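**Student:** For the working numbering, count along the sequence shown from 1 and bump the result up by 2.
Hint data in this document are derived by calculation from the structure and do not stem from the laboratory. Among these hints, one or two may not hold up.
[What the hints assert, rightly or not] Within a straight-line C-alpha distance of at most 27 Å, the following computed DSS-like cross-link-like pairs (lysine-lysine) qualify:
no.	residue 1	residue 2
1	LYS288	LYS298
2	LYS85	LYS186
3	LYS186	LYS298
4	LYS76	LYS298
5	LYS31	LYS76
6	LYS31	LYS288
7	LYS288	LYS76
8	LYS288	LYS85
9	LYS186	LYS288
10	LYS31	LYS85
Being a predicted model, the structure only gives us computed values, none of them experimental.
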Amino acid sequence: AAAQPADKGYNPLYDGAPEWTVGEDITFKLRGRAYYDYANIDNDFASPVPGVTDTETRTLRLGAEVDAGAVKMKAEFDFIDDKVQPKDVLVQFKPGDRVTIQAGHYKEHASLDEQTSSRFTTFMERGSLTDAFSIDRRIGVSVLTGGDNWTWSTGLHGGVMDEFDLDDTWSVSSRATFAPVADKEAQTFVHLGAFGRYRSDSSINGDSLRYRQRPLAHLADRYVATPRFADTDFLTGVEAAAVRGPLHVQAEAARQSADGAAADADFNSAYIQAGWFLTGESRAYKPGKGAFDRTKPLRAIGRGGFGAVELAARFDTVDLTDGPVTGGQQDSLTLGVNWYPTARVRFMANYVAADIDDGPFGDGDSEVVQLRAQIDW
Numbered sequence: 003a004a005a006q007p008a009d010k011g012y013n014p015l016y017d018g019a020p021e022w023t024v025g026e027d028i029t030f031k032l033r034g035r036a037y038y039d040y041a042n043i044d045n046d047f048a049s050p051v052p053g054v055t056d057t058e059t060r061t062l063r064l065g066a067e068v069d070a071g072a073v074k075m076k077a078e079f080d081f082i083d084d085k086v087q088p089k090d091v092l093v094q095f096k097p098g099d100r101v102t103i104q105a106g107h108y109k110e111h112a113s114l115d116e117q118t119s120s121r122f123t124t125f126m127e128r129g130s131l132t133d134a135f136s137i138d139r140r141i142g143v144s145v146l147t148g149g150d151n152w153t154w155s156t157g158l159h160g161g162v163m164d165e166f167d168l169d170d171t172w173s174v175s176s177r178a179t180f181a182p183v184a185d186k187e188a189q190t191f192v193h194l195g196a197f198g199r200y201r202s203d204s205s206i207n208g209d210s211l212r213y214r215q216r217p218l219a220h221l222a223d224r225y226v227a228t229p230r231f232a233d234t235d236f237l238t239g240v241e242a243a244a245v246r247g248p249l250h251v252q253a254e255a256a257r258q259s260a261d262g263a264a265a266d267a268d269f270n271s272a273y274i275q276a277g278w279f280l281t282g283e284s285r286a287y288k289p290g291k292g293a294f295d296r297t298k299p300l301r302a303i304g305r306g307g308f309g310a311v312e313l314a315a316r317f318d319t320v321d322l323t324d325g326p327v328t329g330g331q332q333d334s335l336t337l338g339v340n341w342y343p344t345a346r347v348r349f350m351a352n353y354v355a356a357d358i359d360d361g362p363f364g365d366g367d368s369e370v371v372q373l374r375a376q377i378d379w
């Protein structure tokens, strides 16, 4: 029998928030996510550094998306700490099958960990290089292209938005990825990538760029940090990942070369991590996007199962000391357990042991136990 045309209007089978179809090829859907975190942070430093036991709404994001074929629009905002913070607010236009022009407020083109949505990252916080080197969302325009197993994107970006105010920096970023192995049926993928970014401070005084990082816990202070000293910097990095059935591994390394009127410095950061799904799932990866995607439990709660359970470990390092600039070095080990009752609900538990040398508070250690409840739609 001939296939029946799809019903127009509200689609009750959509897995997530409501989705509507308007006319022949325009869809509209709501988007959102909410993360609620708990952390207990115990510090032992040369200088007194208080511990932390606290909770926070890490993310409360609401938005909408419109897909009209060649044109797509998305707008998302975070509503936390009595602020409205723009996130992805963008328009995409596809003049051809392999080319997309993107404009608006979105992430710079750098880092596998950063390009993977926080909904799908293995740990509660990304590797240090994404924050220490300020890979961020900015106002900009970009060109994206790719195929079934490769991507290339480059963009010119203006300032970072704090609420609706822009700072005085601008950047150019580019990223390329290639998946030499991409076998979805065999649940086997290999990912390779590289990225670069040039950033400049265009303010009147200049020298406003600085580099700092928490012990991979958002409720902690930054225990490695440089002063503001640079007016330009150049970031380069490489990335690799592999998936084989329930096992996945991922690694990145980056170097930040910073130049200022009084000092120049080169900083480094890297991480390597691995995870294993005890319940047999395989971490979802999209070779045509160069990023990880949503992993769906084989037997979700409500469908005869317990959901998915994942164990993971990561070693991470960031060195913010070079020449006359002493920001400190932080080495950390993270252990994680993730439970996915359904594809859109996740509970996370992370233990972090961080060793800090030559930071603003001196040498010391930070030990973190943190939990997250997460839902998205």
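**Student:** For every hint, state whether the structure bears it out.
**Tutor:** Quick rundown of the hints versus the structure:
Distance restraint check for LYS288 and LYS298: the Cα-Cα separation of roughly 14 Å lies within the 27 Å cut-off, and the hinted pair is therefore satisfied. Between the alpha carbons of LYS85 and LYS186 the distance comes to roughly 41 Å, so the proposed pair goes past 27 Å and is violated. With a CA separation close to 14 Å, the supplied pair LYS186 and LYS298 stays within the 27 Å bound. For the suggested pair LYS76 and LYS298, the alpha carbons sit about 24 Å apart, so the restraint of at most 27 Å is met.
Taken as a hint, the LYS31 and LYS76 pair is honoured in the structure, with Cα atoms around 10 Å apart against an allowance of 27 Å. Distance restraint check for LYS31 and LYS288: the Cα-Cα separation of roughly 22 Å lies within the 27 Å cut-off, and the hinted pair is therefore satisfied. With a CA separation close to 20 Å, the supplied pair LYS288 and LYS76 stays within the 27 Å bound. At roughly 33 Å between alpha-carbon atoms, LYS288 and LYS85 are farther apart than 27 Å, so this suggested pair is violated.
The hinted pair formed by LYS186 and LYS288 meets the criterion: a straight-line CA distance of about 9 Å does not exceed 27 Å. Between LYS31 and LYS85 the alpha-carbon distance is near 24 Å, which keeps this suggested pair within the 27 Å criterion.
Against the hints set out earlier in the document, violations occur for numbers 2 and 8.
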